[in-house]
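Trainee: Protein chains in written order, with our numbering: chain E, 1 to 407; chain V, 1 to 743.
Honestly, the hints are just simulated from the structure, not real lab data. Be aware that one or more of the hints could be misleading.
[As the list claims (entries may be wrong)] Part of the chain V face toward chain E, derived, beta carbon under 10 Å:
{"hint": "1", "residue": "TRP100"}
{"hint": "2", "residue": "ASN101"}
{"hint": "3", "residue": "ILE114"}
{"hint": "4", "residue": "GLY241"}
{"hint": "5", "residue": "VAL244"}
{"hint": "6", "residue": "ASP564"}
{"hint": "7", "residue": "THR584"}
{"hint": "8", "residue": "ASP619"}
{"hint": "9", "residue": "PRO738"}
[To be verified] Pairs of lysine to any residue residues, derived as SDA-like cross-links and limited to a Cα-Cα distance of at most 25 Å, are as follows:
{"hint": "10", "chain 1": "V", "residue 1": "LYS698", "chain 2": "V", "residue 2": "SER635"}
{"hint": "11", "chain 1": "E", "residue 1": "LYS348", "chain 2": "V", "residue 2": "LYS698"}
{"hint": "12", "chain 1": "V", "residue 1": "LYS43", "chain 2": "V", "residue 2": "ILE53"}
{"hint": "13", "chain 1": "V", "residue 1": "LYS640", "chain 2": "V", "residue 2": "ARG688"}
{"hint": "14", "chain 1": "E", "residue 1": "LYS322", "chain 2": "V", "residue 2": "LEU618"}
{"hint": "15", "chain 1": "V", "residue 1": "LYS94", "chain 2": "E", "residue 2": "ARG368"}
{"hint": "16", "chain 1": "V", "residue 1": "LYS735", "chain 2": "E", "residue 2": "GLN346"}
{"hint": "17", "chain 1": "E", "residue 1": "LYS348", "chain 2": "V", "residue 2": "TYR612"}
{"hint": "18", "chain 1": "E", "residue 1": "LYS363", "chain 2": "E", "residue 2": "SER317"}
{"hint": "19", "chain 1": "V", "residue 1": "LYS737", "chain 2": "E", "residue 2": "SER109"}
{"hint": "20", "chain 1": "V", "residue 1": "LYS716", "chain 2": "E", "residue 2": "ASP99"}
[Stated by the list, open to error] DEER-style ranges, computed between Cβ atoms:
{"hint": "21", "chain 1": "V", "residue 1": "GLU718", "chain 2": "E", "residue 2": "ASP285", "range": "37 to 43 Å"}
{"hint": "22", "chain 1": "E", "residue 1": "SER197", "chain 2": "V", "residue 2": "ARG558", "range": "34 to 40 Å"}
{"hint": "23", "chain 1": "V", "residue 1": "PHE287", "chain 2": "E", "residue 2": "LEU290", "range": "53 to 59 Å"}
{"hint": "24", "chain 1": "V", "residue 1": "LEU414", "chain 2": "E", "residue 2": "TYR375", "range": "47 to 53 Å"}
{"hint": "25", "chain 1": "V", "residue 1": "LEU346", "chain 2": "E", "residue 2": "LEU290", "range": "55 to 61 Å"}
Bear in mind the structure is a predicted one, so any value in this text is a computation, not a measurement. Heads up, the beta-carbon is just placed ideally off N, CA and C, and yes, glycines get one too.
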Amino acid sequence: MANFSIATVFVASFSLLLSLSHSFSIENPTDRRILVILDDLALKSSHSIFFNSLQARGFELDFKLSDDPKIALQRYGQHLYDGLILFAPATERFGGSLDLAAILDFVDSGKDLIVAADENASDLIRSIAAECGVDFDEDPSAVVIDHGSYAVSETEGDHTLIAADDFIRSDVLLGSAKIEAPVLFKGIGHSLNPSNSLVLKVLSASPSACSANPKSKLSTPPSLSGSSISLVSVVQARNNARVLFSGSLDLFSNKFFKSPVQKAVNVKHHRVGETDEPSIYRINDDLEYLVEIYEWSGSSWEPYVADDVQLQFYMMSPYVLKTMSTDKKGLYHASFKVPDVYGVFQFKVEYQRLGYTSLSLAKQIPVRPFRHNEYERFIPTAFPYYGASFSTMAGFFIFSFVYLYSK
Amino acid sequence: MVAKADAVKAGTKSSHSPASNSKPDLSSISSSFSLKTLKLKTKQQELLIRVTILCLVYILAFVTRLFSVLRYESMIHEFDPYFNYRTTLYLTEKGFYEFWNWFDSESWYPLGRIIGGTLYPGLMVTAAIIYWTLKFLRFAVHIREVCVLTAPFFASNTTIVAYLFGKEVWDSGAGLVAAALIAICPGYISRSVAGSYDNEGVAIFALLLTFYLFVKAVNTGSLAWALASAFGYFYMVSAWGGYVFIINLIPLYVLVLLITGRYSMRLYVAYNCMYIVGMLLAMQIRFVGFQHVQSGEHMAAMGVFFLIQVFYFLVWIKHMLNDTKLFQALLRIGVTSAVSVGAIALGVGTASGYISPWTGRFYSLLDPTYAKDHIPIIASVSEHQPTAWSSFMFDFHILLFLFPAGLYFCFKRLSDATIFIVMYGLTSMYFAGVMVRLILVATPAVCLISAIAVSATIKNLTQLLRGKTTQTMSGKGTSGTRGFSKQQGSVDQSIPFLKDGARVLLLGAFYLLSRYVIHCTWVTSEAYSSPSIVLAARGAHGQRVIFDDYREAYFWLRQNTPSDAKIMSWWDYGYQITAMGNRTVIVDNNTWNNTHIATVGRAMSSYEDEAYEIMRSLDVDYVLVVFGGVTGYSSDDINKFLWMVRIGGGVFPVIKEPDYLVNGEYRVDKGAAPKMLNCLMYKLCYYRFGELTTEYGKPPGYDRARGVEIGNKDVKLEYLEEAFTTSNWIVRIYKVKPPTSRW
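Just chain V, with the same shape it has in the complex (with noise of 0.2 Å):
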């Protein structure tokens, strides 16, 4: 394919020739020293300013994502990237083999956490590869630099990805466009600025790596193609539980070639290579072990490996046989038999509970209303919201549209390659639908098709432009421009009206991309660059207030309690807590045991004399909340506790999601539900916070963040005290009395 628009191309440079000759020889002596010696000149200019837009889209997509530290500073953002910051300087500080058997115990405490085993280890050993790197280079770094770089080193190595993907699938000049089009993407930004240390950062790199790898490893039936796209898949499966997208849609594509008759050689060496390969690799990792072969959702690609086989033992059988009908026959028999034969392995394997059921999330992906049913500790999350449109819009912009235009020109010329595009994009589009999170998903594949259309748009304007005849090329316009190419086939030349038209539509295409490139900067700058752990407001003048209260809560913490001390509070901090203020937690981000969950569910939820128990119970010694009634901040523990209650009512049935709500309504001024005013989280909120004016010209005790008076502003402690409130009161923190000593 590049041959061919080489080809193209090299027709219509004969004219231009001349003129660029003089570029290079100002640019550099031994450019012009080779441009002079050999006779591929376009050729060779061509190279050269693909290999600068490369390496200027690459430099690109690392910059446009160091916003945040320029903003804030080098640090850890968010929520999971602390513990996958406190994992790295683990296995930096221990080594693998102590990372690997890692069990921690500063974590769900009393339980205890095997990390080795619960987590995706590739991006941990990712940065510490990084890291050893430097530091056998002699460069002194310090562990977190890498952490909050590894994203956007990433990213940038994604666009190169992207450059051979698109080039593999359409054409270098598609390649081009879509790395320049997934450097900048907000959609793929949002989770790989610096700082975003989280395992989508480079797991998003390994996924296309491993589309790349294996469209490759089909296109040429390569054995080393298809074993690198298994290392490929390896990569993944070590990142991110994402992995599961690959192992599904890749045996969805093989059954889609199977259907339309597109079975070939290359696709049964690819797929059989890369499912062998890549399943025995994937095995090694602990946290997947065994589910390729026990797990509901890795059947598929199962199911489809033996169905490759049967079909390629039929190909033999027809090639061995000659007569068609006693085939027809064979056929018939054969695809039944291994139907129902898959059928009854999978009913067997399921009901002997070999093989496990699909999991909630599985389910939730295939019915958006499950989770919100049946768990709502996923529902709970926001990023397992439901997709707004506008938050399509926010983080695709442009590409909204040209991806159905990029859809149009795959159907047009369809190949195996663009047949795995469109999988790709209209599947993983469906899951950004129903996950915000998943749009990171849809992006690789957004940008992909959005540049395959916007490159045959401008390739076919500026063939145009140049007058050059068009042979067959009616197809390769947009729907605008279809109709002027087709009446020029016939009409030939004649219309000078047609190379206006097309100017303006060049003109109006780089308007939009230049848009494109504004809107990304500014949501980049804007919405994404946010450490969220540090929060930014603006000032009654204009000027910018940082609260700083979480850094300052974690530093009080590890300062000033003892180093055994166990802090209770919402599973949302507990990383946080746990990498930053180096203290045992009951719960944490990693939702792995609900029970425990629901346990600090209830005792938010409960009566204080209650939720003593509990705490004793549990030997809690600090609780800390998250409150924002002074900043206005909306995220607070507040907003967040009727998940609590119903994530402790799913487990203890005596906390009722009714008792706190009036009239199905949630609220916490004096029309509040008296469960709610003497509930343990709401008395933490706001002990003492009825003393406070905090807006000019409202009552003392206004909340800011719910704009409303509170309804029980004389809270009175008496199993806790508190210990410390950070300065904007963002969290607080309380120490848990022991028992009285004459009751």
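Bound conformation, chain E alone (with noise of 0.2 Å):
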């Protein structure tokens, strides 16, 4: 199975930390080594909770700055991080090999990113974003506003620095401890593309922001207001990668980002009564199908309880949907008869929860129908025919004997 990832989100108190996703590989937990490309060093400073909080969590971070010669994501077609961290929104381009279609790809490898924008968001951090489904407003002046619901700051009429507690209500993504105060947030928005479904707002604006130049009269309505104007949003790719949006650089101070990741192992099948997995069905079998789903909580792998978790046994749309029953240790369990017809079905398990990494099972199982010796072969109703059969042959007999040997 692919990596899986863990992301997560934390939020203490007032100022805002916001942390990170991060990567690992099943076999091998523990390996974490996140590149940090940063705009200037001094970020590593000023942002320094966060970092220590990663790396008090076991990740290994290297930082680079943003014209390093020497970045590379991969080498001889191995990856050399399990994340990347993007904190250099003023860069037009990387150093070394590090480019728009590098960072594609290893998204698209199941690596995890956290990137964050401001005020100077470049074109290429814009694009990296438009890629995966977030539009920052495009107007490069623009941010967001709110004068509704600002952080009082010095400047009078300066309502940059927000305030926002729209957050997603999910507690798998934010932890359940109840986030009481708002974020303060200053930056810039962005929007989602509606065609994009795997990609959420974490952090959306309250009604009345607006994403607009601060400094100019506003002339023409603002292309994103209210809550549609998203400040944080997460993507949650479909090999689990996981993505991070921010439209603020200043957010990265004090807030965590908790999400869990799940696995499923030991899928097995086997007709009732049997043990071993056959390579094909009957129709008509009754068969029971058994998978288990963990979940990681940081250190362990836990028993992932649920009873929403449904079984499919699937040929071009399901034939049987059933909820799956689970012991509360991890194993879940699904018995059923297969429907009367034949064909290559799969067994599918699509489970997919908000904040969790998605469990997508298919395993294919092909159906046959009756061999010829499997129909029943005395049945009762027939038996008027075998009588008829043999008595026409016993009356042929008599008739030939008698006709044969009577003059």
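Assemble the dimeric complex from its two separately framed chains, guided by the hints.
Mentor: Here is the structure:
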């Protein structure tokens, strides 16, 4: 199975710190190398709380300046890092072999990415975002302004440092601790491409916000306004790579993101009463399907408990759709009768819950019709026919005998 | 009849025997010994010659079909034979019961196909039995060689049956000629060259055998022959769907005999035994099942069966009743009520759905325009097209002219047997005109009837030359000599011109026959020995260029794709992909599910993004297209594309044929319809073709198969990527990309 990744958000009190998603392989969960690319090494100290919290959780950070010529995400086809943090919003070109295609390739191979932008976001950052279905406001000078809920600041009328508390309602994503205080945000907003179903708003602006240039007078209605402005968004790609976009670099100061990973192992299926997995089923067989689902607790795999995991027996459309029962120890179980249709079926478990890695299991299994000797042989309704044929044979024999030997 | 012919000869042989006596002395001691001890010298000589000729014909029939092996290699040809080969392989590996119950999950994904219940197993079982026999005799052969040589072997056997049939219908001379004609007739060779491992290869043998045994049964009235005929019919049913021809022709023949007053006890015994036993046996074939009692195509046989019972009953009544007037009344009432009861039964059966209506294929035989209007999937197959005149000439050559002459001879000497052969010839000639592939069914009849013409003509002419008085032979000359022989009957031998004329005619006949041999050999070597999976062309310097792209592509699939990969292609290539590539296909040549084929047709004729949705829903991993633009190979997917559109549009009305045409014209150049230029098939065929210069002096992107410069040279693919293109670009394989992970 592909690499799973962890993303964690954690919200503490008033100032903000945002962290990171992290990817590691199940085989080697401690292998967590992250490349951090900075505009300016000063960020290293100004955002030290964020970086320290990452390091404290066992991530190996590798800081590079954005114009470092030795930046490379992979060497000899091997990815060198499991995560990438781009804190270089203004950079137009990265050094080394890092470019848009390399970053997208990195994500497409299941690795994680955090991108932070600010007012000076470069075209490169914008195009990375656009490839993931996140459109930063096209007006380069626009920032999110909220005249309704702003933080009191030095400059009168400058309402660009806003307070946002419109979090996504998901315990798994943000942790079960209630986020009481609003998050202070200063930066640019973005919108989500409606055709991308994988991207989620984590933090959106309040309904009174809009995205515009605070220094100029608004002549036309701003292109983005209200709660359609997303401040922080995450993408969970189909390969479970996780990407986080933030419209502000200043945000990363004290927040935690936590979102569990699931894995499904030991997929088994067999006929009821047997234990071996057959290579083919027959129509009307009774079968059992078993799968174990675990979630990553941060240090170990714990059984995942839910009552809404469903199994499909699928051939172009689901023929059987059944909720699986669990023994609370991670083992899920369903038993059903194979429909009276032959063909190549699939056992499908599609389990997508907000914040979790998506589980998508498919296992192909053909279903054959009855063999010639599997039909019932002596059905009672056929006895008149048996009787008829045997009596005819007997009668013919007697008739022949009488006809031939009677004069 | 044989005795009669021999008797005629025996009279003439007396002067001939001293000369021929020396020949057996030289050749073998045993024959000379027997010749000296026994008196019947001429008869034995004739037997010897007959057996020798038959042996030579037997070998000739086999040898002439080996051109394809010599030219190319020992390989399976075309499309359907690959399925037959694959199933035979399965049969020999897994045994009969596994074969019988085989559910194939590798074709028609995801529906699967019950192989055992949807094929005619005769061919596979025959090849497997030959293989097992050879293995038992310690001949270590590969099953492929057995499959390749099955058709020639059965063609040889057919010559023997043709000889027996000819002998039964006319005389042994006609039988020999028939055997020789059928051995090399191109109409038959087209389906039975080495490697053409198809049902027809054994089915023609079975067809002719069934007819021969039935005629024999009718001639003798013997229960044993009728039973043998039933078994021949069983073999035919197990081998080919063309058995429907037998089960309709024989009742028709019986009906004609009944109407013409040729009803006899022999016919009664032959037909009843053959029909009942044959029907019961045929029901054992799963694919046929209860069709004999339930399908409209088989109802004629059942109707005639009941009719003949009524006839028998009436004859019995007539025998018991001496009053003719009363009998006439009874006859009228009896026949009327029998016919009306039959009609009512048929009507009720059809209305209640118990008797299925005629299938589309059957309709298209009776009405050649039916398929074109209603079933594009039947009309799209090239061998289902109506026959062109030239192909009659090509496949029959002089037989086409001898056929009417033979019919004339048959009518001159009407018997139950000649009536049969005439009916067989006429009906099959009609069907041959409807569909190209049915020339095959007509071939044996044409050969037999022509053989009668040849044999009778030559016999008459040689008898004239020998100076023997023709007693009542007036009817037996060709139309040219008939005038002479009639005169000769009165003038009696006095015209020397007669012998010269006969000599000239004889020479002419031999000239024609030798032309026939030359033509047949030429056709076999040039036209019918190409395996179609390996293409050959003449290069610029006259050398032979071989395009082995199909096998290259299938081998690539076998080696480079995951074993559960699903390949989407047009259905023509389905059997080959499963047999040679060993991969799952969406549709194949067993066109049982029109909707599934239409789905593929729809995907091929949609825009790429729409096609991608369809391909995702079918779990397609690779798409395979056949493209002839580089080599000039014309039977490629672009030329078949309109059929895909038609078949797709037949089920999914979003696909409309006019969208792909410009003013009713199908084109791929700049003037092509926009939908055409952007549909999936066009993109896959012409991807990166715009960069390629195919012919000197032509712009890049010049399509040699259609002779135009293509209209869309800058093809961009979004959801697919090129995976493999064979060395001559004939087969191109594309990989369907997984959904992008970020969207």
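Trainee: Hint by hint, note whether the structure agrees.
Mentor: Going down the list of hints, with the structure as the test:
1. TRP100: Status holds, d = 6 Å.
2. ASN101: holds (4 Å)
3. ILE114: Interface hint status for ILE114/V: holds (6 Å vs cutoff 10 Å).
4. GLY241: Because about 21 Å separates GLY241/V from the closest Cβ in chain E, which is outside the 10 Å limit, the hint is violated.
5. VAL244: violated (25 Å)
6. ASP564: holds (6 Å)
7. THR584: Check passed: Cβ of THR584/V comes within 8 Å of chain E, closer than 10 Å.
8. ASP619: holds (8 Å)
9. PRO738: holds (8 Å)
10. LYS698/V with SER635/V: Given pair LYS698/V, SER635/V holds - Cα atoms ~22 Å apart, limit 25 Å.
11. LYS348/E with LYS698/V: The hint is violated at about 53 Å.
12. LYS43/V with ILE53/V: holds (15 Å)
13. LYS640/V with ARG688/V: holds (21 Å)
14. LYS322/E with LEU618/V: holds (23 Å)
15. LYS94/V with ARG368/E: Between LYS94/V and ARG368/E the Cα gap is close to 17 Å, so the pair holds against 25 Å.
16. LYS735/V with GLN346/E: The hint holds at about 22 Å.
17. LYS348/E with TYR612/V: holds (21 Å)
18. LYS363/E with SER317/E: The given pair, whose Cα atoms are some 15 Å apart, holds under the 25 Å limit.
19. LYS737/V with SER109/E: holds (14 Å)
20. LYS716/V with ASP99/E: Answer holds: LYS716/V to ASP99/E is near 23 Å, not above 25 Å.
21. GLU718/V with ASP285/E: 37 to 43 Å: Roughly 42 Å apart at Cβ, these two residues keep to the hinted range, so it holds.
22. SER197/E with ARG558/V: 34 to 40 Å: holds (37 Å)
23. PHE287/V with LEU290/E: 53 to 59 Å: About 40 Å separates the Cβ atoms of PHE287/V and LEU290/E, which means 53 to 59 Å is violated.
24. LEU414/V with TYR375/E: 47 to 53 Å: Given about 52 Å between the Cβ atoms, the range holds.
25. LEU346/V with LEU290/E: 55 to 61 Å: Hint holds: Cβ distance 57 Å, inside 55 to 61 Å.
This entry does not satisfy hints 4, 5, 11 and 23, going by the numbered hints stated previously.
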